[in-house]
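Novice: The residues making up each chain are set out below.
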Amino acid sequence: MILKVVFLLVSLFTVGSALMVVTHKNLFSSALFLVASFFGVAALYVLLEAEFLAVAQVLIYVGAIATLIIFAIMLTRGMMSGRTSPRNDQAAWAGLASVVLGLVLLYVVVFRVQWPVVEKPVPPDTIEQLGRALVGRYVVPFEVASVLLLAALVGAVLIAREKEV
Amino acid sequence: MVPLSWYLAVAAVLFVLGLFGVLSRRNAVAILMGVELMLNAVNINLLAFWRYTQPENVAGLVFAVIVLTVAAAEAAVGLALFIALYRLRESVNVDEIQLLKG
Chain A
1 MILKVVFLLV SLFTVGSALM VVTHKNLFSS ALFLVASFFG VAALYVLLEA EFLAVAQVLI
61 YVGAIATLII FAIMLTRGMM SGRTSPRNDQ AAWAGLASVV LGLVLLYVVV FRVQWPVVEK
121 PVPPDTIEQL GRALVGRYVV PFEVASVLLL AALVGAVLIA REKEV
Chain B
1001 MVPLSWYLAV AAVLFVLGLF GVLSRRNAVA ILMGVELMLN AVNINLLAFW RYTQPENVAG
1061 LVFAVIVLTV AAAEAAVGLA LFIALYRLRE SVNVDEIQLL KG
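So the protein lines, in turn, are chains A and B. Mapping to this note's numbering: the first sequence position 61 is 61, numbers consecutive. Start counting at 1 in the second sequence, then tack on 1000, and there's your number in this note's numbering.
Please keep in mind that the hints were generated in silico from the structure rather than gathered at the bench. Treat the numbers as computed from the prediction; the structure is a model and nothing was measured. There could be a bad hint or two in this list.
[Said to hold, decoys possible] Among chain B residues calculated to face chain A with C-beta under 8 Å, some are: (1) A1012; (2) G1034; (3) V1035; (4) E1036; (5) M1038; (6) Y1052; (7) I1066; (8) A1071; (9) A1073.
[Claimed, not checked] Distance condition first, Cα-Cα at most 20 Å in a straight line; then the derived EDC-like pairs of lysine to aspartate or glutamate: (10) A/K25 to B/E1056; (11) A/K25 to A/D89; (12) A/K4 to A/E51; (13) A/K4 to A/E49; (14) A/K120 to A/E51; (15) B/K1101 to B/E1090; (16) A/K4 to A/D89; (17) A/K120 to B/E1056; (18) A/K163 to B/E1056; (19) A/K120 to A/E49; (20) A/K163 to B/D1095.
[Unchecked claim] Listed next, with one range per pair, are the computed distances between beta-carbon atoms: (21) B/W1006 to A/V58: 47 to 55 Å; (22) B/I1097 to A/V157: 17 to 25 Å; (23) B/W1006 to A/S85: 31 to 39 Å; (24) A/D125 to B/L1100: 50 to 58 Å.
The beta carbon of each residue, even a glycine, is placed where N, CA and C say it ideally should be.
Just chain A, same shape as in the assembly (with noise of 0.2 Å):
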């Protein structure tokens, strides 16, 4: 009950700021609001008992994902203020879209299937396992997202470097 009533709490929480992220004028605003619905879906990951992956979601999404976006929202200043309209024309029908995809989603997912749920506890050391399959079983997908990851980071580097001409 009482867990019902905090994930209840906390994704009133997640939505309400992911809500004024897409709504919101001023896009410093916004990127704030981005933050606590990145610690609001953190905190879900806790009450589906993923400690790990919550903590890397505050040390990744909060820690480095937010703070990029707000250096790239102040390196390309000017954007920033309501100036003019943060939205595009085709806004109307990109709620009317998302409102129907929305409404189609919630029909299917919470009415028209059931899921195949078994009430299972998670074994005390997932972290251990998690640790062991991402250097055993899964080492092929590990391996390729550092090499990602790395391909990125100088990628970006490259690409934001200023140019002498």
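Given chain A's structure and the hints, the job is docking chain B onto it.
Specialist: What follows is chain B alone, placed relative to chain A:
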């Protein structure tokens, strides 16, 4: 325990909000924020299915970790592109970027 469908509903709402951000915003950084919201929604789904169907199998967690990594790489490259674009055009509004238009 909280029913699985509640998590799926929250993830669906989060995904749709991100989609709306991607489709309706003019600023490229705001579009990227929408993409991040969608990736978060996907990760909630992955972890919810892991927890409610096979909590003894870590494949769901591995999948979520890989998605997290790819999201970080995508954000780094995307923001570098926007900064390069801003140097070139003094704007990151996607409807003003029409270099290929003759």
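Novice: I'd like to know which numbered hints this structure contradicts. Please list them from smallest to largest.
Specialist: Hint check: 3, 5, 10, 16, 18, 20 and 21 fail, others pass.
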